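Trainee: Model the placement of chain B on the given structure of chain A, informed by the hints.
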Amino acid sequence: MQRRHVVQYGAAGVGAVALMLGVGWWRVDGPGAPKPAGQRPLPLSAMDFRLTDHEGNEVGPETLIGRPTMVFFGFTYCPDVCPTTLSDISGWLEDLGNEAAQMNVVFITVDPARDTVEAMAEYVGYFHPAIRGWTGPANQIARAAEGFRASYERVPTEGGDYTMNHTASVFLFDAKGELVTMIDYHEPREFAVPKIRRALTEYVEGAT
Amino acid sequence: MKKLPYIKGLSLLLLLSGTSTPVFAGSEDVVVENAWSRASIGVNRPGAAYMTVRNTGEDTVTLTGLTTPLAMMPEIHETKTNAEGVSSMAPAGEITIEPGQSVALKPGGLHAMLMKLQNPMIEGETFPLTLTFSDGGEVTVEVPILGIAARGPES
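Residue numbers (the working numbering), protein chains in the order written: chain A, 2 to 209; chain B, 25 to 179.
Keep in mind the hints are simulated off the structure, nothing from the lab. Quick caveat: nothing in here was measured; it's all calculated off a predicted structure. Do not take every clue at face value.
[Stated by the list, open to error] Derived lysine to aspartate or glutamate pairs resembling DMTMM-like cross-links, with alpha carbons at most 20 Å apart:
| id | chain 1 | residue 1 | chain 2 | residue 2 |
| --- | --- | --- | --- | --- |
| 1 | B | Lys130 | B | Glu57 |
| 2 | B | Lys104 | A | Glu123 |
| 3 | B | Lys140 | A | Asp162 |
[Claimed, not checked] Here are a few chain B residues that face chain A, going by a calculated C-beta distance under 7 Å:
| id | residue |
| --- | --- |
| 4 | Arg69 |
| 5 | Lys130 |
| 6 | Gly132 |
| 7 | His135 |
| 8 | Lys140 |
| 9 | Ile172 |
| 10 | Gly176 |
Backbone N, C-alpha and C fix where the C-beta goes; we use that ideal spot for every residue, glycine too.
Looking at chain B on its own, in the form it has when it is part of the complex:
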């Protein structure tokens, strides 16, 4: 059940790429699991989405960016909390995932920051989020929108 969004994304990708499947160097082995996001209040506040990005292949992959029709400026950000307890947030840049490894986008760490929302994020709906990789490959996931106070896909 949890893998469904990924399968949907992959089949979409395969469909789009048609018969002349381009040769990617790694990103075809990327699996996105447990994607979720929180509902927004209107469109002025940025949204956030979370997921686990797993590299099941044998090549290192580099996640370079995000695109989504939901937001004009989607970007991977990282929250850091220093020794004094002060939290700050900054673009995370490119994220390298070694073969067999995964990267967790989760509250308080890495997250897909969805800036300049085009539509409000409404609980119960989903939106497509495309992860782009340095080898030119893309993986699209359908991200469920949970409540504003959601703590994760389990709750």
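Isolated chain A (complex conformation):
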């Protein structure tokens, strides 16, 4: 009787461990795994998209190669995340001062339907002058996001409008266009600025 209990508990224990392993597998490697995580953005040289900057210039990933680059996806109808990130970026750039003068800083919209070249120009004008705003046809925005492994989705709001869910990380590339690291949304300045310095340092090292 006692023995049978032990066996039953043992079996239950094995079952629990198997379940936990199963859950772990599901979340980490299985179908429950977050898709873009672990998928690093492509090097800029492997991306292919055509967009227009806020001054009407044609731009693409090759525009960014040769200087260290910071890229962020967002949209100008975004009340919280985007102005916060753009003002964070502006603050980082102010901290870096001349160090950051040779950097590309690009804000790519995920909402080209509302973010025209003019809308982007007006919006980026409120932030650090180094920040460029890129927009373009929906299919080119999609190709850009694919290259960066960024995701976005249109979500209707109650008032009949819509908002966008989107990847809010800031991507950092070195001058050769290789990904250096990413800065998570609203990461404190004491972590973000050294990461940017790393991208800048790799630029200097790459140049010598």
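Mentor: Frame of chain A; chain B shown alone:
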């Protein structure tokens, strides 16, 4: 200085309620601090306002909604960022604040989302925002409008 908007709001509330002060179960002890917002570009884009809502009383209070002449659809929203770095925003619903606790509406988390703006939000101006509570009480704050690139009331 920072408490002034609240005092103004409270005195307004007391003024409006007159002599027959209604008995609220908690919201009279709510203090709103450090309210601020960002200027808007026109009226098509939603605005956002931030503040700390402190419950200094001994009863739990529940923040149920917002009203303001500035926007037809003010609502408390919450930004969440998932493990993949994707940010999304959704109505936060009712917010319960325990006695002695406070709730921070700040960039990247809870915020007063101001949808359907009636007027542009102009830097340097202020607007009244009324917080409504489940006990029927209201607290009105005068929210300063800072620049679009503002990071908070300190900057």
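Trainee: Compare the structure with each hint and give your call.
Mentor: Against the structure, the hints come out as follows:
With a C-alpha separation of about 12 Å, the suggested pairing of B/Lys130 with B/Glu57 holds against the 20 Å cut-off. The straight-line distance between the Cα atoms of B/Lys104 and A/Glu123 is roughly 27 Å, outside the 20 Å bound, and the hint therefore fails. A hinted pair counts as satisfied when its Cα atoms are at most 20 Å apart, and B/Lys140 with A/Asp162 qualifies at roughly 10 Å. For B/Arg69, the shortest C-beta to C-beta distance to chain A is roughly 5 Å, which falls under 7 Å, so the interface hint holds.
For the restraint placing B/Lys130 at the interface with chain A, the shortest Cβ-Cβ distance is roughly 9 Å, beyond the 7 Å limit, so the hint is violated. Against a cut-off of 7 Å between C-beta atoms, the interface hint on B/Gly132 holds, since the closest Cβ of chain A lies about 4 Å away. The beta carbon of B/His135 is positioned within 7 Å of a beta carbon in chain A (closest approach about 5 Å), and the interface hint is therefore held. Look at B/Lys140: its Cβ gets to within about 6 Å of chain A, closer than 7 Å, so that hint holds up.
At its closest, the beta carbon of B/Ile172 sits 4 Å from a beta carbon of chain A; the interface hint therefore holds under the 7 Å criterion. Checking B/Gly176 against chain A: minimum C-beta separation of about 9 Å lies over 7 Å; hint violated.
The structure fails hints 2, 5 and 10 (numbered hints given earlier, in ascending order).
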